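Given the sequences, and given the hints that come with them, work out the whole structure.
What follows is each chain in one-letter form.
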Amino acid sequence: MSSHHSHIERHIEPRWMRNAFIAASVGFVGLLILLPVISVFTEAFRKGVAFYFTSISDPLAMSALRLTLITAGVTLAANLVFGLAASWVIAKFSFRGRNLLLSLIDLPFAVSPVISGLVFVLLFGAQGWFGESLSRHGVHIIFATPGVILATIFVTFPFIARELIPLMQEQGAEEEEAAVLLGANGWQTFRRVTLPNIRWALVYGVVLANARAMGEFGAVSVVSGHIRGRTNTLPLHVEILYNEYNFSAAFAVASLLALLALVTLAAKTVLEWRIRVEERSVVMENVMEEVA
Amino acid sequence: MTRLRQHSVIPGFGLTLGYTLSYLSLIVLIPLSALSVKGAAQPWSQFSEAVFDPRTLAAWRLTFGTAFVASLVNAFFGLIVAWTLVRYEFPGRRFLDALIDVPFALPTAVSGIALTAIYSQNGWMGRWLQPLGIKAAFSPLGIVIALTFIGLPFIVRTVQPAVEDLDPAVEEASSLLGASRLTTMWRVILPALQPALVAGFITAFARSLGEYGSVIFISGNMPMKTEIASLLIVTKLEQFDYAGAAAIGLLMLVSSFVLLFLVNVGQWWSTRHLRRTA
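Chains as they are written, first to last, in our numbering: chain A, 444 to 735; chain B, -12 to 265.
Simulated from the structure, these hints should not be mistaken for laboratory data.
Just to be clear, a hint being listed does not mean it is correct.
[What the hints assert, rightly or not] Some, not all, of what chain B presents toward chain A, calculated at C-beta under 10 Å:
hint : residue
1    : G5
2    : F64
3    : L72
4    : L128
5    : I132
6    : L169
7    : W173
8    : L196
9    : G197
10   : F227
Just so we're clear, the structure is a prediction, and the values are computed from it rather than from any experiment.
Built from N, CA and C at the ideal position, the CB exists for glycine as well.
Here is the structure:
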C-alpha cells in the first residue's frame, strides 16, 4: 500500500507552506499514533522488568496465550483452504455469478466486530436457533472454544482470498492449461505451477489474517463469556486485568500483542516488496508476449 | 454445469466452486441471515422500543456524532498527511508512512487501554488538558480521539494513490496561466482529490460506527452520556435480550452496508465521469 513511485521533486509550494505541512503531519501522526505505541511499552515496564516477566508468565496469561494460538492456528488453516479454493475457481474459470461471489466474500469486512460475534450467539446461544438442541446433546459453542474460533474465522474470512484473487486473475490460466495438456493432473498443476507463482501473496494474506486473528477483541468478547483460564484469549485477558485495575500487568500482556503488530508491519513491508517483484515478472512476461 | 461456464481444460471447477459456496454459506451467509430474521421478525412495537427508547437514542446520537466529528478531523489531517507523504522528501518520511498502518495492525483492546492511559488526568496528554478544563478520557471527546486513531489509515490510504495519480501537466498549465500556487491547490488540486477524500471519509465513518475495542475503555460507558451503540448490543446480550440486540445490530448492519454501497457507487460514477471528460 505504501507509495512506490519515483519522487520527482515538484516543490512549487512556497517553503513555509511545505514546512507547515510536514510539521502538521509529523505532529498529528506522532501525537495520535506514535504516542500510544510508546506508552504501551513504558506502562508495561512501569513496575520493573521482574514484574513484567511475572505478568506475562502468569498461568492465566499462559492459558490465554494457548487459546489465542489454537484459535489462530485453526482459523488460518480453515481460511487458507477456503482462500485457495475460492481464488482457484474465481481466477481460473469464467462462470455466471462470479462478480456476485466476489462481493459476498468481502461481506465480513463490512460487518462490525460486535455484530460478527452477535450472529453466532443468535445461532448457537442459549436462546438461539440451534442453542437448545445443541445443549441437550452436550455441545457447547457459545461461551466455549468453538464460538471463539467461529467468530475469529468470520472476521478474518476475506483476508487470504482477497490477496490471492487479484494476483491469480492477473496471471491468467495459460501456464496451468499448458501443464494439463502436457499430462499433469490437477494437484500436480496446482503444486508445481500455481503455488510457486503465488507464494508471497499467500504468505502476505496469512500474516495479515494472523494479526487480526490474534488481536480480535469485539467479536470474541461477545461469544467467549470471559471464563478465565478457559475461554480467555490474550486481548480478553488484557481487558480483565485492566478492569481489575491491574494496569501494569494489563500493559505487559498488551505489549506482547503490540510486538506482534510491529512484527506484522515489518513483515508486511518486506512482503510488499517481494510481491511487487512477483507482479513485475508477470507484467514483463505479458509485455514480452505482446512484443513477440 | 457446462452451460454455466465457458469450457476449460483445467480441472477442479466443481470441487472448488462447491467448497467455496458451502463454506461461504456456513460461515457468512447463514449467520448474517440469522441476524436479519431475528431482527426483522418481531412485532414493530417491540422493534421500535428496542431501537428508539431514550437510552438507545442517546447511544445512536453519540455514535453517529462522534464518528462524524472524528472522520471530519481525519479528512482534514489525512489530506495533509497523504499530500506530505507523496510530494515531499524529508528525513523520517518512510517511518511516518509505516506509522499510518499501526491502527490497522494494533489490536483494538491495546489501543483502547493505551489511549485511556494517555488521556486520563495523570496521563501524558491528560495532565496538560486538565488545567485547561478539558476532560478527554471518560467523555465524548475521548470517543472522538479513539475513532480518529482507528480511522486515519482509511483516509490516508485512499487519498494517497489519488495524489500519486495527479497529472503534473494540469498543475503546470494552471501556473502557466498565471494562477498562484495557492489558487492552483485550492481550485485545481483539491477538486481532483475530492472523490477520494469523500470515499475515505465515508469508509472511515462506516468503520467508526461499529468500533468497539478501542472505544469502550476511554469512553467510561455511562448510560445516556458515553455509551455507544455497539456496547448497547453487548449489554442486551448479557441480559439475554436477543431480540433487542438483533434489532440494534440489524440497524447498524444496514447503515454500514448502505454507506459502503454509496462508496462503490461513487467510485463507479467518478471513473465514468472522468472518462467522459477526458
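Of the hints given before, which are not true for this structure?
4 and 7
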